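Asks: Sequence:
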Amino acid sequence: MSNPSSLSPLPEDDFWMRGALKLARRGTGLAHPNPLVGAVVVREGRVLGEGFHTWERRGHAETLALDIAGAAARGATLYVNLEPCCHTGRTSPCTKTIIAAGIRRVVAAMRDPNPIVAGRGLRELQRAGIEVLCGVGGDEARRLNEDFACWIRAHRPFVILKTAATLDGQIGSRSGSTTRITSPESHEEVQRLRHAADALLTGIGTVLADDPRLTDRSGGPRRRALLRVVVDSRLRLPVKSRLVREAAGDLLVFTTKSNESPKAKTLRRAGVEVVQARGAGGRVDLRKVIRELGRREILNVLLEAGAELNGAALRADIVDKLVLFLAPKIAGGGHVPIARSFWPRIAAAPTLRLAQLRFSGPDAVLEGYFHDVYGNRSGHRKN
-2 MSNPSSLSPL PEDDFWMRGA LKLARRGTGL AHPNPLVGAV VVREGRVLGE
48 GFHTWERRGH AETLALDIAG AAARGATLYV NLEPCCHTGR TSPCTKTIIA
98 AGIRRVVAAM RDPNPIVAGR GLRELQRAGI EVLCGVGGDE ARRLNEDFAC
148 WIRAHRPFVI LKTAATLDGQ IGSRSGSTTR ITSPESHEEV QRLRHAADAL
198 LTGIGTVLAD DPRLTDRSGG PRRRALLRVV VDSRLRLPVK SRLVREAAGD
248 LLVFTTKSNE SPKAKTLRRA GVEVVQARGA GGRVDLRKVI RELGRREILN
298 VLLEAGAELN GAALRADIVD KLVLFLAPKI AGGGHVPIAR SFWPRIAAAP
348 TLRLAQLRFS GPDAVLEGYF HDVYGNRSGH RKN
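For the sequence shown, position 34 (counting from the first letter as 1) is numbered 31 according to this note's numbering, and the numbering increases by one without interruption.
Calculated directly from the structure, the hints in this document are not laboratory data. Values in this document were obtained by computation on a predicted structure and should not be read as measured data. Worth double-checking, as some hints may not be accurate.
Said to hold, decoys possible - Derived lysine-lysine pairs resembling BS3-like cross-links, with alpha carbons at most 25 angstroms apart:
hint : residue 1 : residue 2
1    : K19       : K237
2    : K260      : K285
3    : K237      : K254
4    : K159      : K262
5    : K326      : K285
6    : K285      : K159
7    : K237      : K260
8    : K254      : K285
9    : K262      : K285
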């Protein structure tokens, strides 16, 4: 049996896979805890059916596209950004539906990171006589579902540290301040990051300094409210803060204090969930925080915090990806660094890999990874 990745792509495969990826992105905020998947059925340059997955709709992208195509799907090509499933879960296996539809060729962008699939779906299609090609648009497909890959493989959410800084590495003008320094274009991009996240994590220092709302203001649809999470060792969260006043089952506080303390009871009466996650030195154990969020089917955590929590998260080795917005400004004074931490040797400090630089309005945006959640890139830790 041939290797799906060794077959030669056709000139039009990239074009149609971009369409499948575009469809998949329409499931942002709607598909988790399932992956983002889009599918297009094509024959002789004509789209016969297309679909994308959302949790509430249940149907997988391939099935939706094939339902629209109907009998015309026989002999056509199916483009999908993720390997079709071959197991029974909330739905029947997509491989069975594809085979029954008479699809001649399947082009998948990547294999499913879920261990119960992981190549089995592609092999089942091959055994049925379907030509299978895997890898077209693979890099973009892996980025699209890196949070799902982390959660399904390591049983924890994918953590993105998002921060904004001046050219001299300052995120504020004074300790405890998170002064807005980037452009309107970057602010819009941050809202898109929030929309893609299941939870937004911050520290009590940021809450006390700014009294933020920590909401998704992208305007995009969501299946679940953005979970707002605060690390608050001493349980100092003000009952009159905007977070507490607007709490509606979407505010979670991790602390070292007892759940039966007077302050914990007061917060619970206000609609806040309080969870004890005591670590060493009177601090919240961030690894416990991440494990608990994974248990709650949180796939993607956006960390928006100050220097203290950023540094603690890097020391705890829970950060998978960095998104750093660099404003074309010089703050001077060395007040608030991106992360306040200490490593005895530079060689021991976290190293950003696969870093890319792009622009958002006048701001430069640096993106890169500390971990490889797929376990297949040289130099990255395997989860």
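Asks: Against this structure, judge whether each hint is valid.
Replies: Hints versus structure:
For the proposed pair K19 and K237, the alpha carbon gap of about 42 angstroms is over 25 angstroms, so the pair is violated. Restraint check: the Cα-Cα separation between K260 and K285 comes to about 22 angstroms, which is no more than 25 angstroms; the hinted pair holds. At roughly 20 angstroms between alpha-carbon atoms, K237 and K254 fall within 25 angstroms of each other, so this suggested pair holds. In summary, the hint linking K159 to K262 is not supported, as the alpha carbons are separated by about 32 angstroms, beyond the 25 angstroms threshold.
With a C-alpha separation of about 37 angstroms, the suggested pairing of K326 with K285 is violated against the 25 angstroms cut-off. Of the supplied pair hints, the one linking K285 and K159 holds, its CA atoms being roughly 21 angstroms apart against a limit of 25 angstroms. Between the alpha carbons of K237 and K260 the distance comes to roughly 13 angstroms, so the proposed pair stays at or under 25 angstroms and holds. This hinted pair checks out: K254 and K285 have alpha carbons roughly 15 angstroms apart, not beyond 25 angstroms.
The straight-line distance between the Cα atoms of K262 and K285 is roughly 22 angstroms, inside the 25 angstroms bound, and the hint therefore holds.
When the structure is compared with the earlier hints, violations turn up for hints 1, 4 and 5 and for no others.
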